[in-house]
Amino acid sequence: MKNKIGILALLLLSQVCFSQLLTRKLIHGQVVNDSINVENVVVFNANSKTGTVTSSQGFFSINVRENDTLVFSGLQFKSKKYVYSDIKGIDLKIKLEIFTHQLSEVVVSNKNNIKPIQGSQSIVDKKYFDDEKSSSKNRTMMQVGGVENPMDFVRMYKDVFKILKKKYPKKTDFTTQTDFTEIVMKKIGYSFFTNKLKLNDDAIKLFLVYCENESKARMFSKSTTEFELMDFLIVKNMEFKKITAINK
Numbered sequence: 254m255k256n257k258i259g260i261l262a263l264l265l266l267s268q269v270c271f272s273q274l275l276t277r278k279l280i281h282g283q284v285v286n287d288s289i290n291v292e293n294v295v296v297f298n299a300n301s302k303t304g305t306v307t308s309s310q311g312f313f314s315i316n317v318r319e320n321d322t323l324v325f326s327g328l329q330f331k332s333k334k335y336v337y338s339d340i341k342g343i344d345l346k347i348k349l350e351i352f353t354h355q356l357s358e359v360v361v362s363n364k365n366n367i368k369p370i371q372g373s374q375s376i377v378d379k380k381y382f383d384d385e386k387s388s389s390k391n392r393t394m395m396q397v398g399g400v401e402n403p404m405d406f407v408r409m410y411k412d413v414f415k416i417l418k419k420k421y422p423k424k425t426d427f428t429t430q431t432d433f434t435e436i437v438m439k440k441i442g443y444s445f446f447t448n449k450l451k452l453n454d455d456a457i458k459l460f461l462v463y464c465e466n467e468s469k470a471r472m473f474s475k476s477t478t479e480f481e482l483m484d485f486l487i488v489k490n491m492e493f494k495k496i497t498a499i500n501k
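Per the working numbering, residue 254 is the first one in the sequence shown, and the count goes up by one each step.
Keep in mind that the hints were calculated from the coordinates and are not lab data.
Don't take each hint at face value.
What the hints assert, rightly or not - Calculated cross-link-like contacts (lysine-lysine; reagent style PhoX-like; alpha-carbon spacing at most 20 Å):
| # | residue 1 | residue 2 |
| --- | --- | --- |
| 1 | Lys331 | Lys348 |
| 2 | Lys469 | Lys302 |
| 3 | Lys278 | Lys331 |
| 4 | Lys495 | Lys302 |
| 5 | Lys458 | Lys331 |
| 6 | Lys334 | Lys346 |
| 7 | Lys346 | Lys333 |
| 8 | Lys494 | Lys449 |
| 9 | Lys469 | Lys331 |
| 10 | Lys489 | Lys440 |
| 11 | Lys439 | Lys302 |
| 12 | Lys458 | Lys439 |
| 13 | Lys302 | Lys278 |
| 14 | Lys440 | Lys302 |
| 15 | Lys302 | Lys333 |
With the sequences and hints as input, model every part of the structure.
And the structure:
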């Protein structure tokens, strides 16, 4: 009898532990940044396919369990992935980095006439006339040493090459350089988002950020048809609407 009670207790305990592993719990957190306020950041649980949007102060609540991957995306911030662990507790603080666009060098000058760099083609092509008093020439005698102003065939070749280069520019590989948002905005009209997907201006921006986190979005290129893009956007819009509805 004691053995049966022990086995029953063991089975009950294992079932409770197993249910705790499968059941997600509600946690709270805040997304922060050192420079600006964090708001309207999409928090997406990649495992359960659910999510939410942060408040104006960056606070959010979402259901997770051990080893769930949370993806944080915002218009002004770099996307960040976070793997949840029970050790961290139910209160999280996630720090996002701002997109920074740095220039390699900026030169500011208040002068319009900038001196050319030594050895440039503009100096080579510049013609200097003789000073009649210091280097006079006897025009009555036959000139020795070839033509005085010969034709520069090398310079002519360079000029022709520049013209041909402008006429036939180097082709750009749009597959690797064009991002998803740029492709969508060029191929899909604004009315598709407002009329078909029923999204307002602010929601359109968040929706595109949400779509960019999908691995399939990186496969679209300049040659992608409008129908392929529309089909993808319609499917992602249904997921996006579920996420935003949870936050309301």
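To see whether the hints hold, each was checked on the structure:
Distance hint between Lys331 and Lys348 is fulfilled; the C-alpha atoms sit about 10 Å from each other, no more than 20 Å. Proposed proximity of Lys469 and Lys302 is supported: the alpha carbons are some 15 Å apart, at most 20 Å. The hinted pair formed by Lys278 and Lys331 fails the criterion: a straight-line CA distance of about 27 Å is larger than 20 Å. Taken as a hint, the Lys495 and Lys302 pair is honoured in the structure, with Cα atoms around 10 Å apart against an allowance of 20 Å.
A hinted pair counts as satisfied when its Cα atoms are at most 20 Å apart, and Lys458 with Lys331 qualifies at roughly 15 Å. Our distance criterion of 20 Å between C-alpha atoms is met by Lys334 and Lys346, whose separation comes to about 13 Å. The hinted pair formed by Lys346 and Lys333 meets the criterion: a straight-line CA distance of about 13 Å does not exceed 20 Å. Distance restraint check for Lys494 and Lys449: the Cα-Cα separation of roughly 13 Å lies within the 20 Å cut-off, and the hinted pair is therefore satisfied.
At most 20 Å may separate the alpha-carbon atoms for a hinted pair to count; Lys469 and Lys331 meet this at roughly 19 Å. A hinted pair counts as satisfied when its Cα atoms are at most 20 Å apart, and Lys489 with Lys440 qualifies at roughly 17 Å. Note on Lys439 and Lys302: the hinted pairing is violated, with a Cα-Cα distance of about 29 Å set against a maximum of 20 Å. Taken as a hint, the Lys458 and Lys439 pair is honoured in the structure, with Cα atoms around 15 Å apart against an allowance of 20 Å.
A threshold of 20 Å between alpha carbons decides the hint, and for Lys302 with Lys278 the separation of about 15 Å falls inside it, so the pair holds. For the suggested pair Lys440 and Lys302, the alpha carbons sit about 28 Å apart, so the restraint of at most 20 Å is broken. Restraint check for Lys302 and Lys333: satisfied, since their Cα atoms lie roughly 16 Å apart, inside the 20 Å limit.
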